[in-house]
Each structure stands twice: as structure tokens, then as C-alpha cells.
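Asker: Sequence:
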Amino acid sequence: MNLFDSSFLCLDIGTCGVRGIAHRVRSAKIDKSAFFSMDSYDTVFAIKSVVDELEKQIGSHFDSAFITGNFGISKYEMCAKSTVWGGEHKITMTDVRNQISQIKPADGFFPMHIVPLRYDAPQARNMVSPLGHVDRQLISAFGVIYYSRDGVDAVFEKLRGAHIQADAMFDPQFVQNAIVRAEKQNTLFVDFGAQFTSASIWTDRGPVWHAKIEKGGTDITRAIVDKLNIDFDSADRIKRAVASLVPKEMDRFAPADRAYDFSRGDVNDIVLPILVDIIGQLKDQCLPSFTKYRPTKIVLSGGGAEIEGLRDFIENAFAVMTEVLSADATVRALSDYVWNGESAHRQSYISRHERWARRTSWIGKIFHRKPKKVQRFIPILPSSLCFDMRRAETYSLFQSGGISMIHVDIMDGFYVDRIAGGIDELKNIRARTNAHLHVHLMTESPVVWAADAIAVGADTVILSTNTSGFKTALRNVRAAGRRVGVALHPDSNVALLKPILRDVDEVMVMSVAPGAAGQAFDPGALHKISVMAATRKKYGLKFTISVDGGINDKTAQLCWDAGADLLVSGSYLARATDFPLAVQSLLKKHAV
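According to the working numbering, the sequence shown is numbered sequentially starting from 1.
Bear in mind the hints are in silico, worked out from the structure with no lab data behind them. Worth double-checking, as some hints may not be accurate.
Calculated pairs, SDA-like style, for lysine to any residue (alpha carbon to alpha carbon, straight line, at most 25 angstroms) [what the hints assert, rightly or not]:
hint : residue 1 : residue 2
1    : 158       : 315
2    : 248       : 292
3    : 542       : 279
4    : 248       : 274
5    : 32        : 53
6    : 248       : 149
7    : 471       : 452
8    : 158       : 274
9    : 248       : 158
10   : 48        : 36
11   : 538       : 494
12   : 538       : 325
13   : 90        : 134
14   : 554       : 501
15   : 81        : 55
16   : 215       : 325
17   : 297       : 115
18   : 48        : 134
19   : 227       : 208
20   : 81        : 32
21   : 56        : 26
22   : 292       : 332
23   : 588       : 297
Okay, the calculated beta carbon distance ranges per label pair [what the hints assert, rightly or not]:
hint : residue 1 : residue 2 : range
24   : 260       : 326       : 43 to 49 angstroms
25   : 29        : 231       : 47 to 53 angstroms
26   : 296       : 554       : 32 to 38 angstroms
27   : 339       : 205       : 22 to 28 angstroms
28   : 428       : 2         : 47 to 53 angstroms
29   : 326       : 388       : 35 to 41 angstroms
30   : 321       : 475       : 51 to 57 angstroms
31   : 40        : 534       : 45 to 51 angstroms
32   : 523       : 358       : 51 to 57 angstroms
33   : 491       : 231       : 36 to 42 angstroms
34   : 44        : 205       : 50 to 56 angstroms
Even for Gly, the Cβ is constructed at its ideal location relative to N, Cα and C.
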């Protein structure tokens, strides 16, 4: 992997959907990450959709791609290989590779993973690594996971259809084991997929049992289609919404879907026997290995793992603690596995750069250059509504508090019942300061107002929701190269912003009704701030979260704790007898 500047892609390709994670790497560190998923039985379409969206988020084409998912039919073999030498011999990696090369797969299969389980020699038993040991013989045991060539070729063909070249492929439970399983904890992994139910037991040494049951979620959907005489898509949707192993008293009377007259109980009468059959087959096939290796944990994954009551059913059937992984856990495990595999390379890269930095640092010492003092950024924006922006003293006051951003409200009398600010005032402010002008348009027709604001020097333009021409104004501001944001009205739900979060630089949560200064802070804004912060983190988004309204030394700390990045304050700062001290009181307090 190119650690200087590159990007890599990880895909989990299933029968009915694709999940992807992408990372941008710069100077041996992950600079940017993104996640996206697409549910569709058209796998090529799903791959293209995921790749296109991740490229858009990362801002780069991918240099490498790593794949996991459904590769079709698989087999497992635990095989032993022996090498005998005529005399004492120092064992090297070449000797181990020669033994691995002797592993012959069955016709139509190839080994995806060959994992060494143990090494033995006449003078040493059960070695973790034989390298450097001197002996006359080496006996090695390997756990081999094979996949059918037809299944893997089908995945390659779908990747080619989406113009993706795979660098490596991994069995899903191989990467789950590498990341999820705790040390010294024998674990049974079970994946309830659409086409297969896959299972394997892993120990610290590697896989000791692996099998696939050719029955999965799609079989349940087809059974619903056949017995209830509905189309496949409807059956699949109803299965996801209704399927449960927990019987409820009202299931016989509750409709499964408003479009049909059968009940939830009718659906689960179909689902339950198939799941019981799958789990029965799983228990029968793994019983000898389960008894021998005694797993202390079961990890469930796949779409079927989300069926209500399945975790408890498995836990009771095997009498072992059971955990359900999230839908994106496998692709995230693959991402971690690939990145962890570069740890030695990354450390070497960082060490080389640190050595170079030390060798060249003397150049700066020769000239005794003092570093420029970097002014601390103050994330507080005084509101123009509460200050006389025509007085030069106002700007001197802002400078004394370290203010570098000024919030300017413009109201047209239509969106709110007040006329304030205006383009002329904005132009006057720009003529008096080089500060970043953060302009909130409380106007009914933002397209024209945004163009005028940009023309006289606005750096950030915040648009109000539920205004005519909102999306056009958003595009125009972005095309002009300025920051663009959206103000969330106190009466609006955060769900309103979902379609545009990837297109804005800032979300400003209004904690008072727009139109007047001096109002009390609305505590309901804190929930909105925390939801936006969680959404940003979950999806790797980059928008800033600002808060406007009722900000004082107490409400500021609540906003910081909820996840805010910028705070707009008007009345509190304007009434303060010591402006710099008031600004400092609004800054985030770090816990001691």
C-alpha cells in the first residue's frame, strides 16, 4: 500500500446487498473515512452505487480493493504435511512454503485461506513457529478453507461489471475472527445469509471446523411467496418486518401488512420451521467439534441474525453466551484487518520520516527563527443584531476578545415578522473588518439574497429551511466557492435535513424562534445537536454544528457537551461589562 497518498476500498458483497468502507491514506495515517450500503438483489448495481458514493465522499478513485462476502460453496479440510531431511536441518520459511504448496484442492475448488494450526518435530512438539528450529523432520497441520471457483468467478465478474479490480478476497469469518474474537476464547461464528448459513469454530491457532448449510433467508422468502401467494419483493419486505421467534398473543389478529389479509402469525408459521431446521442442521454438523473445542462464545452475523428472538434461541440451544454483530460489522472487520496488516509498514514509514525530520532540524536552529505565534481560534460569533455595527469601537471590542467570525442576521419581513440587517449593512461591515462574515438569511427568497450577500463579501451563507428556492440557493452558494449552511428552525425535525447533509458545510441549530434577540434558550435544541453530532460521526460527514439563540455561560457548556462546534451569542456578550472575559466564559470547559 502506498502510505504517502492513496485510498483503499473494502466491500462486503452479499446476495441481496453490498456494504462498503473506504479510507484515504496520507503520510501513513487515515485522513478520511466513509461508509455506505445498498440493499439490492442486482449486485452489480449495488456495487456501483456503493463505489460511486464512497468515491464522492472520499474525493478520490481507489488504488486497491479488498473483498469479503458470499463466494458460494465452500469446504474445509484439516491436513497434515511432513518433510524429512537426511540430517540436522535449520527450518526456514521456504520449508513451510514447500509444505503449503503440496496442499491439493478438490476439482473446482481453490484454497482461499491456509492457516497453520501447529508444528511438530521429533525434538519439539506443538510449536507455534518452527522457524530457526534445528531437527530432522517437520510435521505441520493446516486448516484450509476452500471456495468453489465458479462462486469466486461469479464475484469477479460482478466486480468487473462495476469496474473494480480486487486485490484480495477474504472469507467473512476469517476477518471476523481476526478482529472480533478475544484471545484464548474459542468462538463459534454463525452467519445467517440470504443464500447460505455459514458457520465455523476458531481458536487461537486458527479454524478447526467450517461448514455451509445451503439454506438461508432467501429460502424463507420463497416459502412465504409460495404459501401466501404474493410477489417476492413483498414477501422479502414482510419477512424483514414481521419475522420473529417470540410468539405474541396478538400475532393471530395483527395484519402482517396493510396490503394483505394474512396475519403476523401466518408469516411466522412459515418462518419458524425453516429456522428450526437450519439451527438443527447447524447443531448436528458442528457437534463433534463443538464438544471437542467447547466454544465459550457464539457470534451471529448476517441479515437473518436480526430476526427477533434468534439470539436467545441460539443461546438456549447451545447453552453458550451469544452476541449479534451489527450489519456493517464484517466490512468494518475487513477494513481493520487490512489496515492492521500494514502496521509494520506504517511504523517503518513513520520512523523514516522522523529520522529525516531530526536530521534536518539543525537547519532551523542555524537561523534561530522564532516560530510565529499562532492565534487561538475562538469559536464564538457575536451577533450583529445586538451591536452597533456602524461604530469603530465595536470592531475594536471584537478584536480584544479574539473574535475572528461575526454573525450577521438579515431579515426580509416575510420569513419572520421583522426587517433587520440588509445588504447595505453587510457591505458596511465588510468595509470595516477582515473577519469571517457568517450570514444568516431569514428571507423568503434566498436565491436573490444569497447572490447579493456573496457579492458584498459574505464568507458563509446560512439558508433557512422551508423557503422557496432553497436547493437552488444552496447550489449557487457552493458554486460561488463560499461555505453554505442550513438553519434548523426550532419547530422542525432533524429528519428534514437528511437529504442535504452531504451538501452543506454547516448545520445551525436554532435554539430560539428566529426574529428577535434576548429570548430564552430552548432545551430541546440539545437533543437536535446530539443527533446531528452522532449522525456526522456515524456516516463520516464533515459539516460544522453551530447554535444560535439564548447562548450564555451556562447554556454554552450544554451545547459543547452535546457536540456543538460554534456558538452565536448576542445579548449575553452585548450586556457584558468585560467583553473578553465574557467571551472566555463561553468557551468549552475541559474536565479536570
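Asker: Run every hint past the structure and note whether it holds.
Answerer: Here is what the structure says about each hint:
no.: 1; hint: 158 - 315; result: violated (37 angstroms)
no.: 2; hint: 248 - 292; result: violated (38 angstroms)
no.: 3; hint: 542 - 279; result: violated (44 angstroms)
no.: 4; hint: 248 - 274; result: holds (19 angstroms)
no.: 5; hint: 32 - 53; result: holds (14 angstroms)
no.: 6; hint: 248 - 149; result: violated (45 angstroms)
no.: 7; hint: 471 - 452; result: holds (17 angstroms)
no.: 8; hint: 158 - 274; result: violated (30 angstroms)
no.: 9; hint: 248 - 158; result: violated (42 angstroms)
no.: 10; hint: 48 - 36; result: holds (11 angstroms)
no.: 11; hint: 538 - 494; result: holds (15 angstroms)
no.: 12; hint: 538 - 325; result: holds (16 angstroms)
no.: 13; hint: 90 - 134; result: holds (4 angstroms)
no.: 14; hint: 554 - 501; result: violated (29 angstroms)
no.: 15; hint: 81 - 55; result: violated (45 angstroms)
no.: 16; hint: 215 - 325; result: holds (20 angstroms)
no.: 17; hint: 297 - 115; result: holds (21 angstroms)
no.: 18; hint: 48 - 134; result: violated (53 angstroms)
no.: 19; hint: 227 - 208; result: violated (39 angstroms)
no.: 20; hint: 81 - 32; result: violated (45 angstroms)
no.: 21; hint: 56 - 26; result: holds (18 angstroms)
no.: 22; hint: 292 - 332; result: violated (31 angstroms)
no.: 23; hint: 588 - 297; result: violated (43 angstroms)
no.: 24; hint: 260 - 326: 43 to 49 angstroms; result: violated (30 angstroms)
no.: 25; hint: 29 - 231: 47 to 53 angstroms; result: holds (49 angstroms)
no.: 26; hint: 296 - 554: 32 to 38 angstroms; result: violated (49 angstroms)
no.: 27; hint: 339 - 205: 22 to 28 angstroms; result: holds (24 angstroms)
no.: 28; hint: 428 - 2: 47 to 53 angstroms; result: holds (51 angstroms)
no.: 29; hint: 326 - 388: 35 to 41 angstroms; result: violated (54 angstroms)
no.: 30; hint: 321 - 475: 51 to 57 angstroms; result: holds (52 angstroms)
no.: 31; hint: 40 - 534: 45 to 51 angstroms; result: violated (27 angstroms)
no.: 32; hint: 523 - 358: 51 to 57 angstroms; result: holds (52 angstroms)
no.: 33; hint: 491 - 231: 36 to 42 angstroms; result: holds (40 angstroms)
no.: 34; hint: 44 - 205: 50 to 56 angstroms; result: violated (38 angstroms)
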